[in-house]
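One line per chain: the protein sequences are W and C, in this order.
For the first sequence, the UniProt record's numbering assigns the number 1 to the initial residue and increments by one for each residue that follows.
For the second sequence, the UniProt record's numbering assigns the number 1 to the initial residue and increments by one for each residue that follows.
Honestly, the hints are just simulated from the structure, not real lab data.
The structure displayed is predicted, hence computed values, not measured ones.
We put the beta carbon where it would ideally sit given N, CA and C, even for glycine.
It is possible that part of the hints are untrue.
Stated by the list, open to error - Pairs of lysine-lysine residues, derived as DSSO-like cross-links and limited to a Cα-Cα distance of at most 30 Å, are as follows: (1) W:K403 / W:K142; (2) W:K349 / C:K326; (3) W:K55 / W:K142; (4) C:K403 / C:K349; (5) C:K55 / W:K326; (6) C:K349 / C:K142; (7) C:K403 / W:K326.
To be verified - Listing some non-contacts, in silico: residues in chain W with all C-beta distances to chain C over 12 Å: (8) E50; (9) K55; (10) V66; (11) E78; (12) R80; (13) T108; (14) T114; (15) S116; (16) I224; (17) E272.
Claimed, not checked - Which stretches of chain W does chain C cover? Using the computed rule of at least three CB atoms under 8 Å from a CB of chain C, they are: (18) 205 to 215; (19) 243 to 251; (20) 278 to 290; (21) 294 to 304.
Here is what each chain is made of, one letter per residue.
Protein chains: 2
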Amino acid sequence: MSTTPAPDNDVRAYVSAHRDGFLGELAEWIRIPSVSADPERAGDVRRSAEWLAAKLRETGFPVAEVWETAGLPAVFAEWRAAEPDAPTVLVYGHHDVQPAARADGWRTEPFEATPSDDGARLYGRGAADDKGQVFFHTLGLKAHLHATGRSAPAVHLKLLIEGEEESGSPNFPALLHERADRLAADTVIVSDTGMWAADTPTVCTGMRGLIDGQIDLYGPDQDIHSGSFGGAVPNPATEAARLAAALHDADGRVAIPGFYDGVVALTDRERELFAELPFDEESWLRTAHSHGAGGEAGYSTLERIWARPTAEVNGIGGGYQGPGGKTIIPSAAQLKLSFRLVAGQDPEKVQQAVRDWVAARIPHGIRHELDFFGATRPCLTPLDDPALQALVRAMSKAFDGAKIRFTREGGSGPAADLQDVLGAPVLFLGISVPSDGWHAPNEKVETDLLMKGAEAAAHLWGELAAGTRTAGGEEVQQ
Amino acid sequence: MSTTPAPDNDVRAYVSAHRDGFLGELAEWIRIPSVSADPERAGDVRRSAEWLAAKLRETGFPVAEVWETAGLPAVFAEWRAAEPDAPTVLVYGHHDVQPAARADGWRTEPFEATPSDDGARLYGRGAADDKGQVFFHTLGLKAHLHATGRSAPAVHLKLLIEGEEESGSPNFPALLHERADRLAADTVIVSDTGMWAADTPTVCTGMRGLIDGQIDLYGPDQDIHSGSFGGAVPNPATEAARLAAALHDADGRVAIPGFYDGVVALTDRERELFAELPFDEESWLRTAHSHGAGGEAGYSTLERIWARPTAEVNGIGGGYQGPGGKTIIPSAAQLKLSFRLVAGQDPEKVQQAVRDWVAARIPHGIRHELDFFGATRPCLTPLDDPALQALVRAMSKAFDGAKIRFTREGGSGPAADLQDVLGAPVLFLGISVPSDGWHAPNEKVETDLLMKGAEAAAHLWGELAAGTRTAGGEEVQQ
Numbered sequence: 001m002s003t004t005p006a007p008d009n010d011v012r013a014y015v016s017a018h019r020d021g022f023l024g025e026l027a028e029w030i031r032i033p034s035v036s037a038d039p040e041r042a043g044d045v046r047r048s049a050e051w052l053a054a055k056l057r058e059t060g061f062p063v064a065e066v067w068e069t070a071g072l073p074a075v076f077a078e079w080r081a082a083e084p085d086a087p088t089v090l091v092y093g094h095h096d097v098q099p100a101a102r103a104d105g106w107r108t109e110p111f112e113a114t115p116s117d118d119g120a121r122l123y124g125r126g127a128a129d130d131k132g133q134v135f136f137h138t139l140g141l142k143a144h145l146h147a148t149g150r151s152a153p154a155v156h157l158k159l160l161i162e163g164e165e166e167s168g169s170p171n172f173p174a175l176l177h178e179r180a181d182r183l184a185a186d187t188v189i190v191s192d193t194g195m196w197a198a199d200t201p202t203v204c205t206g207m208r209g210l211i212d213g214q215i216d217l218y219g220p221d222q223d224i225h226s227g228s229f230g231g232a233v234p235n236p237a238t239e240a241a242r243l244a245a246a247l248h249d250a251d252g253r254v255a256i257p258g259f260y261d262g263v264v265a266l267t268d269r270e271r272e273l274f275a276e277l278p279f280d281e282e283s284w285l286r287t288a289h290s291h292g293a294g295g296e297a298g299y300s301t302l303e304r305i306w307a308r309p310t311a312e313v314n315g316i317g318g319g320y321q322g323p324g325g326k327t328i329i330p331s332a333a334q335l336k337l338s339f340r341l342v343a344g345q346d347p348e349k350v351q352q353a354v355r356d357w358v359a360a361r362i363p364h365g366i367r368h369e370l371d372f373f374g375a376t377r378p379c380l381t382p383l384d385d386p387a388l389q390a391l392v393r394a395m396s397k398a399f400d401g402a403k404i405r406f407t408r409e410g411g412s413g414p415a416a417d418l419q420d421v422l423g424a425p426v427l428f429l430g431i432s433v434p435s436d437g438w439h440a441p442n443e444k445v446e447t448d449l450l451m452k453g454a455e456a457a458a459h460l461w462g463e464l465a466a467g468t469r470t471a472g473g474e475e476v477q478q
Numbered sequence: 001m002s003t004t005p006a007p008d009n010d011v012r013a014y015v016s017a018h019r020d021g022f023l024g025e026l027a028e029w030i031r032i033p034s035v036s037a038d039p040e041r042a043g044d045v046r047r048s049a050e051w052l053a054a055k056l057r058e059t060g061f062p063v064a065e066v067w068e069t070a071g072l073p074a075v076f077a078e079w080r081a082a083e084p085d086a087p088t089v090l091v092y093g094h095h096d097v098q099p100a101a102r103a104d105g106w107r108t109e110p111f112e113a114t115p116s117d118d119g120a121r122l123y124g125r126g127a128a129d130d131k132g133q134v135f136f137h138t139l140g141l142k143a144h145l146h147a148t149g150r151s152a153p154a155v156h157l158k159l160l161i162e163g164e165e166e167s168g169s170p171n172f173p174a175l176l177h178e179r180a181d182r183l184a185a186d187t188v189i190v191s192d193t194g195m196w197a198a199d200t201p202t203v204c205t206g207m208r209g210l211i212d213g214q215i216d217l218y219g220p221d222q223d224i225h226s227g228s229f230g231g232a233v234p235n236p237a238t239e240a241a242r243l244a245a246a247l248h249d250a251d252g253r254v255a256i257p258g259f260y261d262g263v264v265a266l267t268d269r270e271r272e273l274f275a276e277l278p279f280d281e282e283s284w285l286r287t288a289h290s291h292g293a294g295g296e297a298g299y300s301t302l303e304r305i306w307a308r309p310t311a312e313v314n315g316i317g318g319g320y321q322g323p324g325g326k327t328i329i330p331s332a333a334q335l336k337l338s339f340r341l342v343a344g345q346d347p348e349k350v351q352q353a354v355r356d357w358v359a360a361r362i363p364h365g366i367r368h369e370l371d372f373f374g375a376t377r378p379c380l381t382p383l384d385d386p387a388l389q390a391l392v393r394a395m396s397k398a399f400d401g402a403k404i405r406f407t408r409e410g411g412s413g414p415a416a417d418l419q420d421v422l423g424a425p426v427l428f429l430g431i432s433v434p435s436d437g438w439h440a441p442n443e444k445v446e447t448d449l450l451m452k453g454a455e456a457a458a459h460l461w462g463e464l465a466a467g468t469r470t471a472g473g474e475e476v477q478q
């Protein structure tokens with residue numbers, strides 16, 4: 001990037017000037033223990049929603065509503081651009097948090113917001129996931145208005161901040177369907193992910209999809225004696241194991257016929273960009289609490305977790321699992337499987353492929369049932385997508401012209417629901433770093449990065465408004 | 001067989017004349033609820049031992065002692081032949097029983113002894129397993145003395161009736177070792193098995209051995225997220241499944257190198273004899289509570305359960321087994337395996353083969369532990385064994401000259417301990433039939449078969465005394 005133009009300095013100056021006030025308000029929000037998993041905290045989740053709606057109104061949103069669901073409430077806000085033909089952008093985040101207790105190993109009160117001595121970090125549950133990353137949009141929006149002299153954002157801006165993300169978003173798809181008209185957008189910005197590292201700013205371009213389910217296998221009508229009958233009747237625990245073992249071939253590829261149908265392959269450019277990231281396998285293994293890396297042949301660890309579909313055994317059980325031995329052939333066994341999907345895979349088609357594969361492998365004398373719990377579609381934005389390029393420009397401005405690299409998310413989330421129900425591409429604007437400790441004790445956020453997030457958001461609305469006109473002729477930012 | 005000689009009629013007449021008295025005393029014994037698995041019944045198990053010792057003294061045994069163990073007591077009795085060079089025979093059985101409660105589905109009180117209306121059956125816990133089959137030896141011995149005019153048996157007769165068989169005989173090997181001198185015998189007669197059917201008298205010629213153990217597999221130090229890490233680290237549940245699935249090849253043979261080393265193959269004659277048994281697969285499957293037969297290619301169901309070694313998964317567990325899904329890679333998994341062994345296999349060598357095989361299959365990043373719970377040797381008596389031929393002659397006399405066929409036991413039991421510690425061949429004299437319902441509600445014994453058991457025992461001592469001299473020149477009884 002070349003020199004930073006003047007308005008950007010206005011953004012930086014505005015954000016800096018309002019840093020302390022912003023952090024003070026974020027601390028106030030963190031003190032509301034909006035733990036969606038704990039029924040006793042339902043009142044706090046509601047208080048969190050109301051607090052946020054009030055702050056959004058204070059920020060200037062003409063519309064800021066608490067939306068009821070069958071579970072815990074979400075917050076919706078809308079501020080339309082002055083230009084009727086401006087693009088519509090929906091920001092997604094969540095205001096609920098993971099459970100946290102001092103006894104889990106927190107060095108500070110999790111529902112206080114405690115700055116480090118040098119002020120570089122703010123500790124507290126939700127500091128990064130996701131209150132900090134939702135709240136920087138308020139500062140970013142004010143900086144955008146200030147720096148551009150606008151009285152309304154350059155895009156029709158909508159926010160949808162859900163209250164059950166940490167509980168698996170059980171009511172989120174229904175909410176999207178019910179409110180699809182009001183949520184309609186050209187682009188979705190998800191602010192619930194992170195970057196590679198503080199000195200390696202990145203933009204996430206996709207998430208894997210997911211189907212998971214359970215196979216129950218039934219053999220003898222009751223546990224039978226392995227001496228009297230062993231060797232002469234099929235054993236459902238053995239059959240469950242055979243299914244699990246047959247999931248992969250010798251190269252670590254999923255061996256279910258049709259599984260890879262439609263998979264969007266990594267481009268050479270994407271592989272090059274992944275390979276440029278400063279990946280340290282030893283350090284990654286520590287993060288994974290694991291003692292060896294391994295998987296599909298021909299792919300790097302990052303490619304395996306970000307861009308390749310997988311089959312995993314989440315649970316297996318059958319027969320005697322107590323202490324010592326019991327010489328039985330069990331009457332039943334169970335296998336819980338999950339499949340991460342990548343762009344191009346259709347969850348329903350993969351489910352059918354799994355059904356067919358299982359059915360063909362069950363021997364005479366074993367009955368089986370197969371149930372899927374759910375399906376989340378994968379999402380992926382191509383590197384040359386104009387909205388993605390706008391996001392990259394905004395990030396680069398916030399990070400002083402740094403090269404913005406690309407990551408993906410191995411997990412699966414509501415992003416795909418947004419993409420599917422709203423029919424809009426999903427982009428990810430997040431500034432959290434791996435050391436922030438999501439879901440763990442001593443969650444924190446880097447306060448400098450929160451400011452970068454606010455700056456990126458401040459730049460983004462103008463870039464997006466301009467992006468649809470200009471992106472076609474620009475070079476792809478790496 | 002030719003016509004039955006006169007002394008046999010004396011045996012039959014004696015047994016018939018004492019039938020009612022015998023059944024009355026057996027009923028008394030059944031009323032003692034000697035459930036070894038129930039600590040609250042320990043006093044009853046002791047009472048059962050004392051009752052039996054008293055009855056054996058009444059029968060004429062000069063020695064009848066209650067033997068203490070680290071657990072529940074056994075009974076030992078000895079009655080020496082007049083001829084010093086007579087062979088020594090040790091009868092094995094057990095006086096403890098399985099638990100039983102009316103609520104389990106019993107139509108009569110399990111610890112009463114209730115005859116059927118026609119007197120053909122006696123219902124009660126232990127009627128067949130094993131009180132009835134131990135107790136017929138008292139009637140048989142008296143008939144033997146009466147019919148031969150002897151004042152002592154034709155063999156040096158010893159009885160060892162254990163009190164913990166239904167609890168896995170935890171203290172039996174120690175007892176055998178401690179008392180090996182007093183238990184020394186040329187032949188062991190186990191009366192704790194059965195026959196093919198009431199109209200198909202059979203003699204069991206062997207039992208399978210057993211090793212069983214547990215493999216623990218450890219992957220990540222804690223459950224990890226299948227999205228963030230799935231596809232890039234080894235999964236211990238998958239590895240447990242791969243081990244279980246690799247136990248057998250496509251022909252159902254155990255695929256562990258060295259597993260079949262030394263296996264004594266079925267002879268053509270044995271296979272012919274097995275094939276002659278009136279085996280009905282549908283009926284057998286009902287007994288097995290199973291819905292399909294299958295196993296090692298090239299063998300019949302009877303061959304598979306009686307004469308071929310096996311590997312079975314008794315239990316498998318790892319990861320999430322609750323309701324619904326949980327998208328994790330589990331930190332650990334467990335596999336419980338048992339291997340039935342046949343004559344010629346050395347349990348310790350098979351254990352080593354399993355250890356080597358497992359160690360070679362565990363991938364980088366997975367740690368494993370393998371523990372064996374125990375080892376029971378297989379036992380098998382060749383069809384031309386002189387003592388076996390003596391038993392066959394005794395059975396044939398009891399069953400009116402019927403052809404005696406051969407079976408084996410698929411299970412594993414203390415017979416092998418007797419064989420190993422005492423260094424004596426083990427024969428099986430049992431008259432129970434599959435419908436007797438061992439370990440099940442409404443256990444019963446066929447009273448006519450109890451009398452046949454007593455008759456066979458009465459004939460056996462003379463046959464065994466004569467057998468060592470004459471068996472070499474006799475034709476194999478089929």
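We went through each hint and held it up to the structure:
Simply put, K403 (chain W) and K142 (chain W) have alpha-carbon atoms about 26 Å apart, close enough for the 30 Å limit, and the pair holds. Of the pairs offered as hints, the one joining K349 (chain W) and K326 (chain C) holds, with about 22 Å between alpha carbons and a cut-off of 30 Å not exceeded. With a C-alpha separation of about 12 Å, the suggested pairing of K55 (chain W) with K142 (chain W) holds against the 30 Å cut-off. Using a Cα cut-off of 30 Å, the hinted pair K403 (chain C) and K349 (chain C) is violated, with the two alpha carbons roughly 39 Å apart.
Restraint check for K55 (chain C) and K326 (chain W): the C-alpha separation of about 35 Å exceeds 30 Å, so the hint is violated. For the given pair, K349 (chain C) sits about 45 Å from K142 (chain C) by alpha-carbon distance, which is inconsistent with the 30 Å threshold. Restraint check: the Cα-Cα separation between K403 (chain C) and K326 (chain W) comes to about 37 Å, which exceeds 30 Å; the hinted pair is violated. No Cβ of chain C approaches the Cβ of E50 (chain W) within 12 Å, the least distance being about 31 Å, so the stated non-interface status holds.
Residue-level check passed: K55 (chain W) sits 31 Å from the nearest beta carbon of chain C, beyond 12 Å. Every C-beta of chain C lies more than 12 Å from that of V66 (chain W), the closest at about 29 Å, which supports listing it as non-interface. Every CB of chain C is more than 12 Å from the CB of E78 (chain W) (nearest about 31 Å), matching its label as outside the interface. With 12 Å as the threshold on Cβ separation, the claim that R80 (chain W) sits away from chain C holds: the shortest Cβ distance comes to roughly 36 Å.
T108 (chain W), annotated as away from the interface, keeps every beta carbon of chain C farther than 12 Å; the closest lies near 23 Å. With a least CB separation of 26 Å from chain C, T114 (chain W) remains clear of the 12 Å interface cut-off, as annotated. No Cβ of chain C comes within 12 Å of the Cβ of S116 (chain W); the nearest lies about 26 Å off, and the non-interface call holds. Look at I224 (chain W): its CB is around 6 Å from the nearest CB on chain C, not clear of 12 Å, so calling it non-interface is violated.
Look at E272 (chain W): its CB is around 20 Å from the nearest CB on chain C, clear of 12 Å, so calling it non-interface holds up. Residues of the stretch 205 to 215 of chain W lying with their CB closer than 8 Å to a CB of chain C number 5, which satisfies the three-residue condition for coverage. Under a criterion of three residues with beta carbons nearer than 8 Å to beta carbons of chain C, the stated coverage of the stretch 243 to 251 of chain W is upheld, 6 such residues being counted. Counting residues of the stretch 278 to 290 of chain W whose beta carbon lies closer than 8 Å to any beta carbon of chain C gives 4, which reaches the threshold of three, so the coverage claim holds.
Chain C is given as covering the stretch 294 to 304 of chain W, and this holds because 5 residues of the stretch bring a CB closer than 8 Å to a CB of that chain, at least three being needed.
This entry does not satisfy hints 4, 5, 6, 7 and 16, going by the numbered hints stated previously.
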